[in-house]
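K.L.:
Take a look at the letters that make up each chain.
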Amino acid sequence: MLSIALPKGRLGDRVYRMLEQAGYRCADFFDGGRKLIIEDKANDLRYFLVKPSDVAIYVERGAADVGVVGKDILLESSPDVYELLNLNIGRCRVAVAGPNDFVEDKGATLRVATKFVNIVKRYYASKNRDMELIHLNGSIELAPILGLSDVIVDIVETGTTLKENNLRVFCDIVDISARLIANKSSYKFKTPRIDEMTEKLKEVIPND
Amino acid sequence: MEALTQSFSRDELVLLQLRKLFEQRGFTRVKTGKFEEYALYVENKNFLDTESIITFMDLDGKLMALKPDATLSIVKNVPRKAMAAAQKLYYVDEVYRLATENREYKVHNQIGVELIGADDCCANLEIIDLALESLGLIGERFAMDISHLGFVSGLLADMGLSHRAESMIMDNIHAKNAWDISRILEQEGINGDKRRRILALVELHGGFSESLERARELVCNPRVEEAWQELAQVGCILKNSGCGSVNLDFSVVNDLDYYNGLIFRGYVEGVPSLVLTGGRYDNLLRRMGKQSRAIGFAVSLDELGVHLKRRGQMDFDLLISYAQDCDFAALLTLVKELNAQDKKVRLEREDSDLSAVGLRYGRHMRYRAGELEEVAPC
Numbered sequence: 002m003l004s005i006a007l008p009k010g011r012l013g014d015r016v017y018r019m020l021e022q023a024g025y026r027c028a029d030f031f032d033g034g035r036k037l038i039i040e041d042k043a044n045d046l047r048y049f050l051v052k053p054s055d056v057a058i059y060v061e062r063g064a065a066d067v068g069v070v071g072k073d074i075l076l077e078s079s080p081d082v083y084e085l086l087n088l089n090i091g092r093c094r095v096a097v098a099g100p101n102d103f104v105e106d107k108g109a110t111l112r113v114a115t116k117f118v119n120i121v122k123r124y125y126a127s128k129n130r131d132m133e134l135i136h137l138n139g140s141i142e143l144a145p146i147l148g149l150s151d152v153i154v155d156i157v158e159t160g161t162t163l164k165e166n167n168l169r170v171f172c173d174i175v176d177i178s179a180r181l182i183a184n185k186s187s188y189k190f191k192t193p194r195i196d197e198m199t200e201k202l203k204e205v206i207p208n209d
Numbered sequence: 030m031e032a033l034t035q036s037f038s039r040d041e042l043v044l045l046q047l048r049k050l051f052e053q054r055g056f057t058r059v060k061t062g063k064f065e066e067y068a069l070y071v072e073n074k075n076f077l078d079t080e081s082i083i084t085f086m087d088l089d090g091k092l093m094a095l096k097p098d099a100t101l102s103i104v105k106n107v108p109r110k111a112m113a114a115a116q117k118l119y120y121v122d123e124v125y126r127l128a129t130e131n132r133e134y135k136v137h138n139q140i141g142v143e144l145i146g147a148d149d150c151c152a153n154l155e156i157i158d159l160a161l162e163s164l165g166l167i168g169e170r171f172a173m174d175i176s177h178l179g180f181v182s183g184l185l186a187d188m189g190l191s192h193r194a195e196s197m198i199m200d201n202i203h204a205k206n207a208w209d210i211s212r213i214l215e216q217e218g219i220n221g222d223k224r225r226r227i228l229a230l231v232e233l234h235g236g237f238s239e240s241l242e243r244a245r246e247l248v249c250n251p252r253v254e255e256a257w258q259e260l261a262q263v264g265c266i267l268k269n270s271g272c273g274s275v276n277l278d279f280s281v282v283n284d285l286d287y288y289n290g291l292i293f294r295g296y297v298e299g300v301p302s303l304v305l306t307g308g309r310y311d312n313l314l315r316r317m318g319k320q321s322r323a324i325g326f327a328v329s330l331d332e333l334g335v336h337l338k339r340r341g342q343m344d345f346d347l348l349i350s351y352a353q354d355c356d357f358a359a360l361l362t363l364v365k366e367l368n369a370q371d372k373k374v375r376l377e378r379e380d381s382d383l384s385a386v387g388l389r390y391g392r393h394m395r396y397r398a399g400e401l402e403e404v405a406p407c
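Chains as they are written, first to last, in the working numbering: chain A, 2 to 209; chain B, 30 to 407.
The set of hints was computed from the structure by calculation and includes no laboratory data.
Where is the CB? At the ideal position from N, CA and C, for every residue including glycine.
Heads up, none of these hints are tricks.
In silico SDA-like pairs for lysine to any residue, Cα to Cα no more than 25 angstroms straight-line:
1. A:Lys203 with B:Asn220
2. A:Lys201 with B:Arg225
3. A:Lys191 with B:Leu267
4. A:Lys191 with B:Leu241
5. A:Lys128 with A:Arg94
6. A:Lys52 with A:Gly63
7. A:Lys122 with A:Ser79
8. A:Lys116 with B:Glu133
9. A:Lys203 with B:Gln216
10. A:Lys122 with B:Thr129
11. A:Lys122 with B:Arg132
12. A:Lys203 with B:Arg225
13. A:Lys203 with B:Glu232
14. A:Lys191 with B:Asp331
15. A:Lys203 with B:Glu215
16. A:Lys107 with A:Asn129
Pulled a few chain B residues facing chain A out of the computed Cβ check, cut under 8 angstroms:
17. Ala172
18. Ala204
19. Lys205
20. Asn206
Ranges of calculated distance between the beta carbons of each label pair, as one might list FRET restraints:
21. B:Asn131 with A:Asp176: 27 to 37 angstroms
22. A:Ile156 with B:Gly235: 36 to 46 angstroms
23. A:Thr199 with B:Ser191: 28 to 38 angstroms
24. A:Glu105 with B:Cys150: 54 to 64 angstroms
25. A:Val175 with B:Glu133: 22 to 32 angstroms
26. B:Asp187 with A:Thr199: 27 to 37 angstroms
Chain A on its own, in the form it takes in the complex (with noise of 0.2 angstroms):
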């Protein structure tokens, strides 16, 4: 048996589908409802469904054997994990924005409002820029807006609720998409199984 936490929601199910692609059927997948585990007897599998920045810990502490999870979060909690494989899927960017009209004080301190607390921190330290860190947890683009900070550091997707705030992307720090996790003790006494599964996502990722 061989179990996957997959991060609810939308990408979730596009994990799904990709698993579906390469030969995992699993005609209960979306009947579950609420069920928030799902046995596929017939290819020996059991999915978990559980919140994206919870993935990496199921994984790490082995719960799950493998995981799909976004590489914000691998970044930010670098768990101790193999990472097989790049799914090109939920792509994004974590980018630094702020008021289409703000102009950087470089003889100051940046206040920088985020959840992507490890990220910043080292990408402003990897500059040496002197900088006062914000630890939000929602709604990161109120921020600048009321002056709590000067930027925000957050995921860039299409841009919109950026351009509906007055905001803008500045610059980008990291491009982000979905990647294959594995457990390290499980990925030993499973290792055909794992690399089949790999070996078989490989052949329906998307281009770009």
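Starting from the known structure of chain A, arrange chain B on it as the hints suggest.
P.N.:
Chain B in isolation, oriented as in the chain A frame:
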């Protein structure tokens, strides 16, 4: 002995079995203290992350630390000059480290061996063989990954990478992340054969001897050649690894930076985290000005107790209920007789309910008028 060990949890049992194994192989026990002068870690901060060490003042105002590692405390006592004979030591120790996943301090129970002495290629074989046997005692199925840091760093040294790119590539090698490595190589303008070599290094995994053959092709300079030869020597003892699999896997990394040369990691089926970690740490001794070389490994015991539970075991074989006015002295004599027959017995007052506090027992008896009578399960 069998009866005695029944009451032990899995980690306690493993501890005893490993101690026996190490003593059988002529290793002697060394006991180090719980504390160590903080200065030891500052002097060796290239090898250990000093930021997360728990420190305190002793009565003389000296800064002390709760030991984050046992090896340093053992190595500091090794004489500077070459020794007449090797030191073969084992320890059972608690170490205090910061857990990266939740940034909380954790106490780790460890048992480990160290072989410190002159340059001796048999030392590698002896320690790896001991590591394989240890894993065999811990779990029915196990896997060991072996790598050589000289192989990886020797290969990367040829590439002319910036320091930053090299450390990013190392991180991704540890995660088997071929995709991000190929992107970094692209940014660094490395292509052709060099690129192919690095990607082959990442994707190489599997049975030791087949993988070693494939790795032969990656050898490109004397440093890598030397590492390959050392790995090849190890191959000869791996045939008798029992029900474990031994892999050559260059993604092996250790939390502690003092390793160089041969390193290895062991996993046991059913335990999601690392069970055994070890390697050669000559650099550490050289830095301390000692003329010896050393190799060793440690087994973390805590996770074993959590994940390798003895399933379905009762807390007691027998539950005996007694009334307040019974002949308790006679009952105690009876209990001792039952203990002598290897029965685990729990005495409880008549009105208490053990199942309500989650304890399980085999049979339930009532003590009445000097006799035990069976209580029918309700």
